[in-house]
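Q: Model the full assembly from the supplied sequences, consistent with the hints where possible.
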Amino acid sequence: MTSAKPMDTAWGALIDAPKAERESQMKQRYTELAKLPEDQRISKLVEMARAEYTLVAEKLREFAISRYESWLLLDPEAARQIARDYDTAMLQMNSSAAMHRVALAQTLAREFDAEARERLDSIIPEHFGTFAAEAQARSKVLGRPSKNRVIEVEE
Numbered sequence: 022m023t024s025a026k027p028m029d030t031a032w033g034a035l036i037d038a039p040k041a042e043r044e045s046q047m048k049q050r051y052t053e054l055a056k057l058p059e060d061q062r063i064s065k066l067v068e069m070a071r072a073e074y075t076l077v078a079e080k081l082r083e084f085a086i087s088r089y090e091s092w093l094l095l096d097p098e099a100a101r102q103i104a105r106d107y108d109t110a111m112l113q114m115n116s117s118a119a120m121h122r123v124a125l126a127q128t129l130a131r132e133f134d135a136e137a138r139e140r141l142d143s144i145i146p147e148h149f150g151t152f153a154a155e156a157q158a159r160s161k162v163l164g165r166p167s168k169n170r171v172i173e174v175e176e
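In the working numbering, the protein residues as written are 22 to 176.
Hints were generated in silico from the structure; no laboratory data involved. Just so you know, not all the hints are guaranteed correct.
[Stated by the list, open to error] Pairs of lysine to any residue residues, derived as SDA-like cross-links and limited to a Cα-Cα distance of at most 20 Å, are as follows:
no., residue 1, residue 2
1, 65, 131
2, 65, 27
3, 80, 45
4, 65, 112
5, 48, 94
6, 48, 26
7, 40, 98
8, 26, 111
9, 40, 125
10, 48, 80
11, 48, 95
12, 26, 112
13, 65, 98
14, 56, 99
15, 65, 99
16, 56, 45
17, 48, 90
18, 65, 46
19, 80, 31
20, 56, 97
21, 26, 114
22, 80, 30
23, 40, 77
24, 80, 117
25, 56, 80
26, 26, 119
27, 80, 120
28, 65, 32
29, 80, 52
30, 65, 79
31, 40, 95
[Claimed, not checked] Ranges between beta-carbon positions, derived for each pair:
no., residue 1, residue 2, range
32, 45, 140, 16 to 26 Å
33, 61, 131, 29 to 39 Å
34, 76, 105, 36 to 46 Å
35, 146, 82, 15 to 25 Å
36, 135, 61, 34 to 44 Å
37, 26, 135, 36 to 46 Å
38, 135, 60, 33 to 43 Å
39, 131, 56, 12 to 22 Å
Here a beta-carbon is modelled for each residue, glycine too, at the ideal position from N, C-alpha and C.
A: Structure (structure tokens):
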């Protein structure tokens, strides 16, 4: 007899809260998690990720945007710590969830303005860093600036 893996259902239920409330609660939860010892923090993040990845695709996308928005509200070092530990937690998820997460992160980069993407790149460069480079390369190939790039004009 196998037992179900622990899941933080309250975390997944945040998808039903209004966006501002959801992001506020996420920020509060992440702030509390940042104070825990690493092993406890990762264990909690695994339970949270399990709940998150039970959401249907569109809800997961919305949830992930809020997760990234809440990371932008954190102290930068706390955000980097949570992101690193989230990556570690995702290693305990099935490969399908982990691959889905990387693809989702790369497509979600387009949802953020240049300043937010730059800040997210400093938190999770393995996901958001590639988007900036790809956008620049695309603009060179197409011979026109990317809409996601700041253009400097010399006077």
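Q: Hint by hint, note whether the structure agrees.
A: Hints and how they fare:
About 29 Å separates the Cα atoms of residue 65 and residue 131, which puts this hinted pair outside 20 Å; it is violated. Simply put, residue 65 and residue 27 have alpha-carbon atoms about 9 Å apart, close enough for the 20 Å limit, and the pair holds. For the hint linking residue 80 to residue 45, the alpha-carbon distance of about 18 Å falls within 20 Å, and the restraint holds. A threshold of 20 Å between alpha carbons decides the hint, and for residue 65 with residue 112 the separation of about 14 Å falls inside it, so the pair holds.
Note on residue 48 and residue 94: the hinted pairing holds, with a Cα-Cα distance of about 7 Å set against a maximum of 20 Å. Pair hint residue 48 plus residue 26 does not hold up; C-alpha atoms about 25 Å apart against a cutoff of 20 Å. Taken as a hint, the residue 40 and residue 98 pair is broken in the structure, with Cα atoms around 24 Å apart against an allowance of 20 Å. This hinted pair checks out: residue 26 and residue 111 have alpha carbons roughly 14 Å apart, not beyond 20 Å.
Between residue 40 and residue 125 the CA atoms are separated by roughly 19 Å; this keeps the pair inside 20 Å, and the hint holds. Our distance criterion of 20 Å between C-alpha atoms is met by residue 48 and residue 80, whose separation comes to about 19 Å. The suggested pairing of residue 48 with residue 95 holds, with an alpha-carbon distance near 7 Å, which does not exceed 20 Å. As the CA atoms of residue 26 and residue 112 are separated by approximately 15 Å, the hinted pair is consistent with the 20 Å bound.
Annotation: proposed proximity of residue 65 to residue 98 holds, straight-line Cα distance about 19 Å (limit 20 Å). Between residue 56 and residue 99, the direct Cα distance comes to roughly 9 Å. Compliance with the 20 Å bound is thereby established for this hinted pair. Of the supplied pair hints, the one linking residue 65 and residue 99 holds, its CA atoms being roughly 16 Å apart against a limit of 20 Å. With a CA separation close to 17 Å, the supplied pair residue 56 and residue 45 stays within the 20 Å bound.
For the given pair, residue 48 sits about 9 Å from residue 90 by alpha-carbon distance, which is consistent with the 20 Å threshold. A distance of roughly 15 Å separates the Cα atoms of residue 65 and residue 46; the hinted pair therefore holds under the 20 Å criterion. Among the hinted pairs, residue 80 with residue 31 is consistent with the structure: their alpha-carbon atoms are about 15 Å apart, no more than 20 Å. A C-alpha spacing of about 14 Å is found between residue 56 and residue 97, which places the hinted pair at or below 20 Å, so the restraint holds.
Restraint check for residue 26 and residue 114: the C-alpha separation of about 11 Å stays at or below 20 Å, so the hint holds. Taken as a hint, the residue 80 and residue 30 pair is honoured in the structure, with Cα atoms around 14 Å apart against an allowance of 20 Å. Between residue 40 and residue 77 the alpha-carbon distance is near 17 Å, which keeps this suggested pair within the 20 Å criterion. As the CA atoms of residue 80 and residue 117 are separated by approximately 17 Å, the hinted pair is consistent with the 20 Å bound.
Between residue 56 and residue 80 the alpha-carbon distance is near 28 Å, which puts this suggested pair outside the 20 Å criterion. Straight-line distance between C-alpha atoms of residue 26 and residue 119 comes to about 17 Å, which keeps the hinted pair within the 20 Å bound. For the hint linking residue 80 to residue 120, the alpha-carbon distance of about 17 Å falls within 20 Å, and the restraint holds. Restraint check for residue 65 and residue 32: satisfied, since their Cα atoms lie roughly 10 Å apart, inside the 20 Å limit.
The suggested pairing of residue 80 with residue 52 is violated, with an alpha-carbon distance near 23 Å, which exceeds 20 Å. With a C-alpha separation of about 24 Å, the suggested pair residue 65 and residue 79 falls outside the 20 Å cut-off, and the hint is violated. For the suggested pair residue 40 and residue 95, the alpha carbons sit about 17 Å apart, so the restraint of at most 20 Å is met. Distance hint check: the CB atoms of residue 45 and residue 140 are about 18 Å apart, consistent with the given range 16 to 26 Å.
Taking 29 to 39 Å as the suggested C-beta distance range, the pair residue 61 and residue 131 conforms, at roughly 34 Å. Checking the proposed 36 to 46 Å range against residue 76 and residue 105 shows it is violated: the Cβ atoms sit about 23 Å from each other. Separated by about 21 Å at the C-beta atoms, residue 146 and residue 82 satisfy the suggested range of 15 to 25 Å. Between residue 135 and residue 61 the CB atoms are about 36 Å apart, so this pair conforms to the stated range of 34 to 44 Å.
Taking 36 to 46 Å as the suggested C-beta distance range, the pair residue 26 and residue 135 conforms, at roughly 39 Å. The hinted window of 33 to 43 Å between residue 135 and residue 60 holds, with their beta carbons roughly 37 Å apart. For the pair residue 131 and residue 56, the beta carbons lie near 33 Å from each other, so the given range of 12 to 22 Å is not met.
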